[in-house]
Amino acid sequence: MDSLRSRVRDAAAQGQALELVGHGSKRFYGEAPQGQPWVLSREPALCGLRAHEPAELYVTAGAGTPLRELEAQLGSQGQQLGCEPPRFGGEGTVGGLIATALAGPARPYWGGVRDALLGLTLIDGRGELLKFGGTVMKNVAGFDVARAMCGAMGTLGLITEASFKLMPIPQAQVTLRFDATQDDAIYAANQAALQGLPLSASAWWNGSLLLRLSGLEASVRAAAKRLGGDALPVDLALGFWNGLRHQSDEFFAGAVRAIQAGSGVAIWRLSLPPTTPVLKVPGEQLIEWGGALRWLVTPLAAQAVRELAERAGGHATLYAALDKSAPAFTPAQGAEAQIRARLKSEFDPKGIFNPGRLG
Amino acid sequence: MSVAAPQGLQALRKLLGPEGLIERAGGFGPYECDGLSAYRARPLAVAIPADAEQLGAVLRICHEAELPIVPRGAGTGLSGGALPHPQGITLSLARLNHILALDPASRTARVQCGVRNLAISQAAAAHGLYYAPDPSSQIACTIGGNVAENAGGVHCLKYGLTLHNVLGLRGFTAAGEPIELGSMAGALDSPGADLLALAIGSEGLLCVVSEVLVRLTPKPPEARCLLASFGTVTQAAQAVCALIASGLTPAGLEMMDQAMTRAAEDFVHAGYDLEAAALLLCESDGAPETVAAEIEQMRAVLQACGATRIEESRDEAERARFWSGRKNAFPASGRMSPDYLCMDASIPRARLAEMLAAIEAMQTQWGLRCANVFHAGDGNLHPLILFDGKDPEQLRRAEGFGAQILETAVAMGGSITGEHGVGVEKLSSMCVQFSRAELERFQGLKQAWDPAGRLNPGKAIPELRRCAEGGKLWVREGKLPHPELERF
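Protein sequence lines, in the order shown, are assigned to chains R and U. Those letters in the first sequence? Residues 818 to 1176, per my numbering, in order. Those letters in the second sequence? Residues 2 to 489, per my numbering, in order.
The following block holds chain R by itself, in its conformation from the complex (with noise of 0.2 Å):
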């Protein structure tokens, strides 16, 4: 650790910008990547797991830890994290998991990365190692500076290691296909959430809504049978959720051959209230999170669509696209963002990591 520290502190006293790098898995999301690319994922003093109590239900790993690894792991033991994190093409890694706090379909249902989050190390712009949080389930000492981590961009400080809170995997799960339009799909997964039915999962695309439920055998058999639809079979519900979660499946995949195409097309993530009615906009729309997250594939103009999830009381994230020049993340105004820059400096004071990467 201590080599990471005097490099991080090199890196200060010649303001010397860092790009923060795991697998580079997420290197296209937010802003163009700048300074001196140092791949963490290849420091042997971030790597691996630290501790899995499974009695327990954390797990300590550290930053530059494979999610794939981390999962089987837990899998091993019957556990998952419940954030279900992307691993895109297979990479990604406990560090960048923090950065982004991106989080797969069950998101609204199991809460999101900083749900999942204990607490973590993180050497800060001056070289100090600090730790924030643990690994106990309830901890208000301090400021809950870890999960202010979550969607930093590495823009705070390197992390070093991480802890997560963990849930068991399941006992049985169904998933369950309805044709819906959208209006009916963003309706129907509210009212089975407002139920109370054990949804862990619910997404719409092109005709059809998707409810997964997750739990004891005889309380997912209620509500299967309550809800009605068609159960799918095992494997193709798995590959469902798989694609979506990774973004290997043909709604992204379609989406990106046609921004390389040159279509003029980009990819939106908009995150909204969940019964926000159907966005009337140009091009692909596919609903995850029972309405609260939405991805568009429009040619639709930034500003349009930025005043459009503005309006209805979100945000709107440029998640892929050719042309850039559209800041990717809504900007803060007024007082947040006089927060953020001084956060930024008081945790960075030589502005090294990750600089321009969150706009």
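Watch out, some of these pointers could steer you wrong.
Claimed, not checked - Derived, one-sided and incomplete: chain U residues facing chain R with beta-carbon distance under 10 Å:
1. Glu-150
2. Gly-153
3. Leu-189
4. Leu-206
5. Leu-207
6. Leu-249
7. Ala-288
8. Glu-290
9. Ala-293
10. Ala-294
11. Gln-298
12. Pro-349
13. Gly-380
14. Ile-462
Claimed, not checked - Some chain R residues flagged as far from chain U (calculated, every beta-carbon gap over 12 Å):
15. Ser-823
16. Gly-832
17. Gly-1045
18. Gly-1046
19. Ala-1054
20. Arg-1062
21. Gln-1077
22. Ser-1080
23. Asp-1140
Since the hints were derived computationally from the structure, they do not count as laboratory data. Computed from a predicted structure; not experimentally measured. We put the beta carbon where it would ideally sit given N, CA and C, even for glycine.
Given the structure of chain R, go ahead and fit chain U onto it with the hints provided.
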């Protein structure tokens, strides 16, 4: 007092009128302390704004006049977080008590900060919903206070803390500028570092919250509770771990030791097993078929761990009876001793048995009794150290006992506070859990939000020199605890 303070008070008088500003010492009584009544102080004045607009104006006036601000909800906090500042304004948020919107379809409620925790559930009940985090003081405590402390409760094992159930906050910075964190419309993600998580549990040091968007949870159609007796505390602690390890997430999992059970029984007559060394309350909620399956599985685990007796609630009245002693543990403790220190520490569940044994040994060492009642499923302990406050020597020993429990918790990988907060009570213990560099970052973070340091100064984050002086830090035989930690 700042030079500009008299003008500030004059401006507050004009803004709030006599009903919104208390300046007479005679009116300060209810505001002199929070739930930790051992610490008391009188503020310069108490401001009680009627709405968010007035709240913003109060903050701007105090900013101009360089007056410290101590925000306050219902005053049920247990660590002195709302203790007045003698040169500052106590800001009572009690009048911001309206539920602004309740949307069953998106399962959210938008409420003002002064709304009581239980009032949200009562309003949501008509839609079959409730607000899950349930601190013991939920009948009185406000949602703003819950946000400030990241409050927990019995339901948090399954349903999460305040952090997991708040989607957005609206309020003001120390300078009175409006700020919104997370999403007040109910979106789940926001770009950039998670400032919402930072504000939750910040003990009123970063911003003043005026409105909260909370997530509501469908009310489970059924709840059933098992009451299990154990012959040793160790067996009960092992049963807690076994339950969690079996893949179950109880809706509540609480423990009481024999001392506590006997005091509670005297108080509520719940029919508890007085021979048991420890009792576990283990609850399942959800659809009837889920509850039936879970209760069966829970019973099997408890039996395998050596439970000597297991009772199952047959109806709501019986379930309430099982819980009555747990819910009244604190008033019941008054029967055991005129005074007690209620500690709040958090440890890994796997070390519960070890910790309880350590506390047992500390009783002999300090010559004081200690009763235990706590959120076992979360590893969140509440040892009650019993002493006679009229005897200063006993008070000194009780404080030493308490400090040793907290240090042991930190050494076990736990925390000096699981849910009560740091306030003024645990400032010195912060020096045990955090290094100098970590405390410096906390100070810097505070400055990022509140550069002039006007919001609740002197709370939650110790001054660095306090740690340097040792404060109440307990030094044994000339040795500092945790010598591996950097000191200053």
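Evaluation of the interface hint that places Ala-294(U) against chain R, nearest CB under 10 Å | Constraint on Ala-294(U) satisfied, holds at 5 Å.
Restraint outcome when Glu-150(U) is required to lie within 10 Å of chain R by C-beta distance | holds, 6 Å
In terms of Cβ atoms, is chain U entirely out of 12 Å range of Gly-1046(R)?
-> holds, 18 Å
How about Gly-153(U): closest beta carbon in chain R under 10 Å, or not?
-> holds, 6 Å
Non-interface label on Gly-832(R), tested against every C-beta of chain U at 12 Å = At about 20 Å from chain U, Gly-832(R) clears the 12 Å cut-off, so the statement holds.
Can Ala-293(U) be said to touch chain R, with a Cβ gap under 10 Å?
-> holds, 7 Å
Are Ala-288(U) and chain R close enough, Cβ to Cβ, to be under 10 Å, as the hint says?
-> Given a least distance of 5 Å, the restraint on Ala-288(U) holds.
Looking at Asp-1140(R) again, its CB stays over 12 Å from all of chain U?
-> holds, 20 Å
Any Cβ of chain U at or closer than 12 Å to Arg-1062(R), or is the non-interface label fine?
-> Given that every Cβ of chain U is farther than 12 Å from that of Arg-1062(R), nearest at about 16 Å, it holds.
Under 10 Å, Cβ to Cβ, is where Pro-349(U) needs to be relative to chain R, so tell me if that hint holds or is violated.
-> holds, 6 Å
Hint validity - Leu-189(U) Cβ closer than 10 Å to any chain R Cβ | holds, 5 Å
Interface-negative label, Ser-823(R) against chain U, beta-carbon threshold 12 Å | holds, 16 Å
Comparing the model with each earlier hint shows no violations; every hint is respected.
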